[in-house]
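Colleague: Below, each chain spelled out in residue letters.
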Amino acid sequence: MEGCVISPRDEAEMSEAVAGADGPLRILGGGTRPIGRPVAGAALSVAGLSGITLYEPGALTLVARAGTPLSEIEAALAAEGQRLAFEPMDHRGLLGTAGEPTIGGVVAANVSGPRRVTAGACRDHLLGVRFVDGTGAVVKNGGRVMKNVTGYDLVKLMAGSWGTLGVLTEVSLKVLPVPPISAALRIAGLPTAQALAAMTTALGSPYEVSGAAHLPGEAPVTLLRIEGFETQITHRTARLKDLLRAFGDIEVETDPAVVRELWAGIRDISTFHGVAGDVWRLSVKPSDAPGLLARADAEGAALDWGGGLVWLRLPEGTDLRARLGAFGGHATLVRASAATRAAIAPFQPEVAPVAALSEGIRRRFDPRGILNPGLMA
Amino acid sequence: MDMPIPDAGILSRKAQIVARLLAVLPRDAVIHDAAETRAYECDALTAYKCPPLAAVLPASTAEVAAVLRICHEEGVPVVPRGSGTSLAGGALPTADCVILGVARMAEVLETDYDNRFVRVQSGRTNLSVTGAVEEDGFFYAPDPSSQLACAIAGNVAMNSGGAHCLKYGVTTNNLLGVTLVLMDGTVVELGGAHMDAGGLDLLGVVCGSEGQLGVVTEATLRILPKPEGARPVLIGFSSNEVAGACVSDIIKAGVLPVAIEFMDRPCIRACEAFAHAGYPDCEALLIVEVEGSPAEIDEQLGLITQIARRHDPVEFREAKDAGEAGRIWLGRKSAFGAMGQINDYICLDGTIPVSELPFVLRRIGEMSKDYGLAVANVFHAGDGNMHPLILYDANAGELHKAEALGADILTLCVEVGGCLTGEHGVGIEKRDLMTTQYAPSDLEAQMRVKDVFDPAWLLNPAKLFPLAVTETRRAA
Chain B
1 MEGCVISPRD
11 EAEMSEAVAG
21 ADGPLRILGG
31 GTRPIGRPVA
41 GAALSVAGLS
51 GITLYEPGAL
61 TLVARAGTPL
71 SEIEAALAAE
81 GQRLAFEPMD
91 HRGLLGTAGE
101 PTIGGVVAAN
111 VSGPRRVTAG
121 ACRDHLLGVR
131 FVDGTGAVVK
141 NGGRVMKNVT
151 GYDLVKLMAG
161 SWGTLGVLTE
171 VSLKVLPVPP
181 ISAALRIAGL
191 PTAQALAAMT
201 TALGSPYEVS
211 GAAHLPGEAP
221 VTLLRIEGFE
231 TQITHRTARL
241 KDLLRAFGDI
251 EVETDPAVVR
261 ELWAGIRDIS
271 TFHGVAGDVW
281 RLSVKPSDAP
291 GLLARADAEG
301 AALDWGGGLV
311 WLRLPEGTDL
321 RARLGAFGGH
331 ATLVRASAAT
341 RAAIAPFQPE
351 VAPVAALSEG
361 IRRRFDPRGI
371 LNPGLMA
Chain S
1001 MDMPIPDAGI
1011 LSRKAQIVAR
1021 LLAVLPRDAV
1031 IHDAAETRAY
1041 ECDALTAYKC
1051 PPLAAVLPAS
1061 TAEVAAVLRI
1071 CHEEGVPVVP
1081 RGSGTSLAGG
1091 ALPTADCVIL
1101 GVARMAEVLE
1111 TDYDNRFVRV
1121 QSGRTNLSVT
1131 GAVEEDGFFY
1141 APDPSSQLAC
1151 AIAGNVAMNS
1161 GGAHCLKYGV
1171 TTNNLLGVTL
1181 VLMDGTVVEL
1191 GGAHMDAGGL
1201 DLLGVVCGSE
1211 GQLGVVTEAT
1221 LRILPKPEGA
1231 RPVLIGFSSN
1241 EVAGACVSDI
1251 IKAGVLPVAI
1261 EFMDRPCIRA
1271 CEAFAHAGYP
1281 DCEALLIVEV
1291 EGSPAEIDEQ
1301 LGLITQIARR
1311 HDPVEFREAK
1321 DAGEAGRIWL
1331 GRKSAFGAMG
1341 QINDYICLDG
1351 TIPVSELPFV
1361 LRRIGEMSKD
1371 YGLAVANVFH
1381 AGDGNMHPLI
1391 LYDANAGELH
1401 KAEALGADIL
1411 TLCVEVGGCL
1421 TGEHGVGIEK
1431 RDLMTTQYAP
1441 SDLEAQMRVK
1451 DVFDPAWLLN
1461 PAKLFPLAVT
1471 ETRRAA
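Going down the list, the sequences are from chains B and S. Each residue of the first sequence is one higher than the last, beginning at 1 in our numbering. Each residue of the second sequence is one higher than the last, beginning at 1001 in our numbering.
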């Protein structure tokens, strides 16, 4: 039923909508991340379940309904000098989508940004979830406290499950203070292997580097980020400059607007915005990145997470996995036409015993196979 | 604490099962003599004991797979065991089970500083992971109190925490991959040296599954560069409420200490008598530790001092050197030993929202009076992970009364928005309380995961879920 969107207003209605569904459902948050195999089905929107239900700055916790706009959460946190430390990427520029990213979408896709390299991913900051499984049953797991090992950790399982195990209705997150100062260290002109060495040196130092990215190309740029109090910034900048002396001149940027813009560009992979081609995202062992870059022969590339995250832009329809051969980690086709996403598996195929476990879990959480069926296949 | 009635059929087939295990393992790796299996009759929850049918000590992933394949065919329950330091009874045997101990697998398999990880066999102790990398300036962050003895296998099973989680997270945040052997002997690799999952985050659900989904034989662990330095301050307060408010204000101010530890008066007194750390005699004290270069530490401690002064501390002591830092930590680190010397105790680890600290501490005080059992509190305040120590006399038959008080305290933790266990795990200890935190549909969702990994419910089957809830699955 194209065009018709089911929009429950609360968790009870969501439960009824799923229980009463007579066919596949396409789960929608803000609709800004059309990633994975195209799903045919009735659109089920989570946007009606909106609002922050609890925010305790002194306990570093925030609970919100899944359809809450991310911008609303970020504004509430900013008012208390706090933030989501995992720095969720905004996919709109890359994917050419409009709409309002929701916190449920961020969690369902386990969306993390440059700070993931040291602060952890979305899943590491997710304390609890409520969701409706494929039978319509409401399930909660975890809670709103920072340490919780009571029962199985379905919280992690739900993060990055792309709506295939359940429809998230509420999420609970750990939040962190925003350090007063953020600085970017910039080194120009490094070839990829040397850039990787610079990032590795920085991340292996005690100076708490919270971002390490490299944009190759005709004018390559390597970026490092440090955040903290004034003494920390002064001390760490000096030590890092010393440590990285061999890699060339280091320019330090402290203008808050410029630093924010630089890292937003890395986070949202702005170098690929408006440029045609498929976009792949690889999660790899950082030291493998230069070799993979050489094998991929891509039209564009960017490294984040000290080399652990590789972005590649390739001609439409390229089967990158075939080109790379076996490697440790995985490749996700993030941007491609629906036809390409139907032809090439967007998510890395798993080895048989692992695929069997994943499939078994999906079948038990969604016995009728109606929640975003096939999206991760 | 009830345990399932042992399967008479398995008991009668002991000789055959032992013979099959001996066919795949060296003679000294199969312990089946009744006198020797008693070494495995309990873990650190010593109130409950039961010798297993047999214990095996495989030395490789292949041997673990061979053992599990046999037990799977024979329908024998398997209880995985790391170092046996569980306070929740996670490694408690049943008479018809095989204990699978990973103690003989303790090697470091790979050290990679450039990519900041180590791969170890799961029997390696927590502290010796750091031991393997610290000379090169790195460490493994999760630091449970039992870190000298506890194994990575148990840390992964229980998703262990420690005092420094506020900054560094718990096991699951520092675990990159595992080699997991399923109950039917299938070996799977989850995760690796890369940072996130390509499909469903199975690694995330395996961590903390209390040995019920598979046996972890190898783990890839994230290691971190050691901070330049660390320094604690000790702050004494005239009431628990004020100390609790101070914790909340420190966190709100944007400083993120690496640890905020809390001790109440009963605990302070016991520690002082035991360790003579020179603690002030006050209602509550905090130990707050920050990291960095000397100047960075000065700046952060300056801010913390300002905040603490607003709460009229009765004592404020900043470590001037390593010796003073050591004395500040001395009492805290000997707290459990101090308690053990004067009493039997149950150590709980319910977690609560930090904002509920004053209320919960007051209620625990009232409950303690009602039961006539002393409770001392020492815990990780920054993340709300309580550790009430219920003191009792086992010889006077007070165990059941102490357990009842424990159940009431944990129920209170859940009522204020917290949980039953922050880092120890459920095991058998909190199994029957799971229904206070979770509705039937919540537990059903968790059990479905076990159905997938271990359809016959043979791995550590009598733990984590209330027995009545799992009865049909275990019997099937």
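It is worth saying that the hints were derived from the structure and are not from the lab. From the three backbone atoms N, C-alpha and C, an ideal C-beta is built for every residue, glycine too. There's no promise every hint is true.
Here are a few chain S residues that face chain B, going by a calculated C-beta distance under 10 Å [what the hints assert, rightly or not]:
{"hint": "1", "residue": "Ala1019"}
{"hint": "2", "residue": "Leu1022"}
{"hint": "3", "residue": "Gly1137"}
{"hint": "4", "residue": "Met1447"}
Here are the computed lysine to aspartate or glutamate pairs in the EDC-like style, where the Cα-Cα straight-line distance is at most 20 Å [said to hold, decoys possible]:
{"hint": "5", "chain 1": "S", "residue 1": "Lys1226", "chain 2": "S", "residue 2": "Asp1344"}
{"hint": "6", "chain 1": "B", "residue 1": "Lys241", "chain 2": "S", "residue 2": "Asp1321"}
{"hint": "7", "chain 1": "S", "residue 1": "Lys1252", "chain 2": "B", "residue 2": "Asp90"}
{"hint": "8", "chain 1": "S", "residue 1": "Lys1167", "chain 2": "S", "residue 2": "Asp1184"}
{"hint": "9", "chain 1": "S", "residue 1": "Lys1252", "chain 2": "B", "residue 2": "Glu230"}
Colleague: Work down the list of hints and note, for each, if the structure agrees.
Modeller: Hints, one by one, checked against the model:
1. Ala1019: 29 Å, violated
2. Leu1022: Result: violated, 28 Å to nearest chain B Cβ.
3. Gly1137: 8 Å, holds
4. Met1447: Where the cut-off is 10 Å and the nearest Cβ of chain B is about 9 Å from Met1447 (chain S), the hint holds.
5. S:Lys1226 to S:Asp1344: With a Cα-Cα distance of about 37 Å, the restraint between Lys1226 (chain S) and Asp1344 (chain S) is violated, given a limit of 20 Å.
6. B:Lys241 to S:Asp1321: Given pair Lys241 (chain B), Asp1321 (chain S) is violated - Cα atoms ~29 Å apart, limit 20 Å.
7. S:Lys1252 to B:Asp90: Distance of about 27 Å is beyond 20 Å: violated.
8. S:Lys1167 to S:Asp1184: With a Cα-Cα distance of about 39 Å, the restraint between Lys1167 (chain S) and Asp1184 (chain S) is violated, given a limit of 20 Å.
9. S:Lys1252 to B:Glu230: Holds, because 18 Å separates the two Cα atoms, which is no more than 20 Å.
When the structure is compared with the earlier hints, violations turn up for hints 1, 2, 5, 6, 7 and 8 and for no others.
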